[in-house]
Amino acid sequence: MLMIGLILFIAVIGFSLSDRKELTWPEKFLGDSVGFAQQWFYKPAGLVAGFFEDIRELKTLHEENEQLKLTAAAYARDKINYNFIQKENERYKELLHFTDRQKNMNNYKYVIAQVIAIDNDPYNHTMVINLGSKNGIKPNMAVTTVDGLVGLVSNVRPYTATVTPITELDDTSPTSNSIAATVLGREDSSFGIVGSYDKETDRLIMTKIAESDKMIVDDVVITSGLGNVYPRGLVIGTVETRQVGDFGLTHTATIKMAAKFDHLTEVFVVQVPDSGDE
Amino acid sequence: MGDRGINRLILVMLLLFIVEGTIMPWLIPAELTGRIVPHFLFVFVIFAALYSGRHRALFFGISFGFLQDIVYFGHLMGVNAFAMGLIGYYTGVLLERRRSTLLTALSVVGLGSILYDTIVYFVNMVFRITNESYAWALMDHILPSLFLQLVFALAVYVPARRLYESHLKLNPETEEE
Chain A
1396 MLMIGLILFI AVIGFSLSDR KELTWPEKFL GDSVGFAQQW FYKPAGLVAG FFEDIRELKT
1456 LHEENEQLKL TAAAYARDKI NYNFIQKENE RYKELLHFTD RQKNMNNYKY VIAQVIAIDN
1516 DPYNHTMVIN LGSKNGIKPN MAVTTVDGLV GLVSNVRPYT ATVTPITELD DTSPTSNSIA
1576 ATVLGREDSS FGIVGSYDKE TDRLIMTKIA ESDKMIVDDV VITSGLGNVY PRGLVIGTVE
1636 TRQVGDFGLT HTATIKMAAK FDHLTEVFVV QVPDSGDE
Chain B
56 MGDRGINRLI LVMLLLFIVE GTIMPWLIPA ELTGRIVPHF LFVFVIFAAL YSGRHRALFF
116 GISFGFLQDI VYFGHLMGVN AFAMGLIGYY TGVLLERRRS TLLTALSVVG LGSILYDTIV
176 YFVNMVFRIT NESYAWALMD HILPSLFLQL VFALAVYVPA RRLYESHLKL NPETEEE
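In order, the protein sequence lines correspond to chains A and B.
Taking the numbering used here, I'd label the letters of the first sequence as residues 1396 to 1673.
Taking the numbering used here, I'd label the letters of the second sequence as residues 56 to 232.
Don't take each hint at face value.
Claimed, not checked - In silico SDA-like pairs for lysine to any residue, Cα to Cα no more than 25 Å straight-line:
hint, chain 1, residue 1, chain 2, residue 2
1, A, K1438, B, A85
2, A, K1594, B, S118
3, A, K1438, B, L71
4, A, K1594, B, L193
5, A, K1594, B, L71
6, A, K1533, B, M132
7, A, K1594, B, L66
8, A, K1594, B, P199
9, A, K1594, B, I174
10, A, K1594, B, E187
11, A, K1438, B, L87
12, A, K1651, B, D195
13, A, K1655, B, I169
14, A, K1438, B, I78
15, A, K1423, A, K1533
16, A, K1594, B, I169
17, A, K1438, B, L193
18, A, K1438, B, I73
19, A, K1423, B, L70
20, A, K1655, B, L66
21, A, K1438, B, L82
22, A, K1594, B, W81
No lab work stands behind these hints: they were computed from the structure.
For reference, chain A alone in the conformation it holds in the complex (with noise of 0.2 Å):
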């Protein structure tokens, strides 16, 4: 009986450990019907408990509303001269004869999702959104909020999807992926991977940053867009130390996340524009 229960849930495991494309439809349709309950109470209570951080946030409001204004002013300058560069940059395109692919590349589309249950099972932490196939969802694309990047698609039903936040990179697991990172201001001279997660002190930690690289404590960490998988210039964290590395020829830096992961309720699902590939 015991028996025969290991040697069922061993062919479970790795039946979920093998390289699946899609999922099987029981599985799509277990978890699109339980999300569609799922969605009644995640808001509501994320509702409530939203009340009361507003009023305890009702003293920082004056502080916020005065960065803001000066962001603001800032964006407007900003702009002005993004225009004027996207135009140019535009008829240089034209110039090298781009093709519609290229020209594409970089022209992202975010979709607001809804969070609609979370699971903090400390191995396993995911959260279910209530996106699918059917709204041009797939696998592996990269999930952010307003701060951050928050992680990647890694199952959808055709109603719902699951996210695998970015704190489950682990370079020794053989189901996680890592991002080709950079830094902002420095994109084509700063480096590194960001592969895996530390739980102990809550940081990403960045491998592989050449010896020779200007990254110093502070700089904003984007993604750099190398490694295909995550669209490039999606907002990572800031540096907060860094060091030589295990073996003394490259460095390693830690990073604090821009994102905050606890009670998320809103987050944008980056569509890349098809690559003509698939």
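Since the structure of chain A is already known, use the hints to place chain B on it.
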């Protein structure tokens, strides 16, 4: 198993499952997210083993474990189903014939929670999903979540026991194997 008692039980457990994933993340303070993990269904599986028999505990453990595995599928499937089914069944084997009081029930829930988290930890370690040491896992989430499970078990002890035992009184022959 087509009577009203079991239907009500399944409904209550489904509701608990939804509450676990939707309302609990808001109630747990932000600093403790990921350290206190609710396993309400597990508490109900233990109660099922104590007051309703090992077969029902096995059935509940496997089916609700699988529900959790499928809905929140991340790396491995079947871990929760295996751990809940196993612990539920053997708790039933050991204790279903005795009359369990509140104190026994609570201590069984406590021991079971530690055992459950330990099984889940070791399965994840064997498949290289986690590299943390067991001592760290114990301090990080196994012990903190234990208290949540105990408080929950204490809170629902009376209604849950009534639910299971009313069902037994309705058709006592289900317990005769």
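Structure-based check of each hint:
This hinted pair checks out: K1438 (chain A) and A85 (chain B) have alpha carbons roughly 17 Å apart, not beyond 25 Å. With a C-alpha separation of about 31 Å, the suggested pairing of K1594 (chain A) with S118 (chain B) is violated against the 25 Å cut-off. Restraint check: the Cα-Cα separation between K1438 (chain A) and L71 (chain B) comes to about 17 Å, which is no more than 25 Å; the hinted pair holds. For the hint pairing K1594 (chain A) with L193 (chain B), the CA-to-CA distance comes to about 13 Å; that is within 25 Å, so the pair holds.
Restraint check for K1594 (chain A) and L71 (chain B): the C-alpha separation of about 28 Å exceeds 25 Å, so the hint is violated. As the CA atoms of K1533 (chain A) and M132 (chain B) are separated by approximately 21 Å, the hinted pair is consistent with the 25 Å bound. For the given pair, K1594 (chain A) sits about 36 Å from L66 (chain B) by alpha-carbon distance, which is inconsistent with the 25 Å threshold. Of the pairs offered as hints, the one joining K1594 (chain A) and P199 (chain B) holds, with about 16 Å between alpha carbons and a cut-off of 25 Å not exceeded.
Proposed proximity of K1594 (chain A) and I174 (chain B) is supported: the alpha carbons are some 20 Å apart, at most 25 Å. A C-alpha spacing of about 8 Å is found between K1594 (chain A) and E187 (chain B), which places the hinted pair at or below 25 Å, so the restraint holds. Straight-line distance between C-alpha atoms of K1438 (chain A) and L87 (chain B) comes to about 21 Å, which keeps the hinted pair within the 25 Å bound. With a CA separation close to 20 Å, the supplied pair K1651 (chain A) and D195 (chain B) stays within the 25 Å bound.
Only pairs whose Cα atoms come within 25 Å are accepted, and K1655 (chain A) paired with I169 (chain B) is rejected, the gap being roughly 29 Å. Between K1438 (chain A) and I78 (chain B) the CA atoms are separated by roughly 9 Å; this keeps the pair inside 25 Å, and the hint holds. Between K1423 (chain A) and K1533 (chain A) the CA atoms are separated by roughly 14 Å; this keeps the pair inside 25 Å, and the hint holds. The straight-line distance between the Cα atoms of K1594 (chain A) and I169 (chain B) is roughly 20 Å, inside the 25 Å bound, and the hint therefore holds.
The suggested pairing of K1438 (chain A) with L193 (chain B) is violated, with an alpha-carbon distance near 32 Å, which exceeds 25 Å. Proximity of K1438 (chain A) to I73 (chain B) is assessed by CA-CA distance (about 13 Å); at most 25 Å being required, the pair is judged to hold. For the hint linking K1423 (chain A) to L70 (chain B), the alpha-carbon distance of about 20 Å falls within 25 Å, and the restraint holds. A hinted pair counts as satisfied when its Cα atoms are at most 25 Å apart, and K1655 (chain A) with L66 (chain B) does not qualify at roughly 34 Å.
Taken as a hint, the K1438 (chain A) and L82 (chain B) pair is honoured in the structure, with Cα atoms around 13 Å apart against an allowance of 25 Å. Distance restraint check for K1594 (chain A) and W81 (chain B): the Cα-Cα separation of roughly 21 Å lies within the 25 Å cut-off, and the hinted pair is therefore satisfied.
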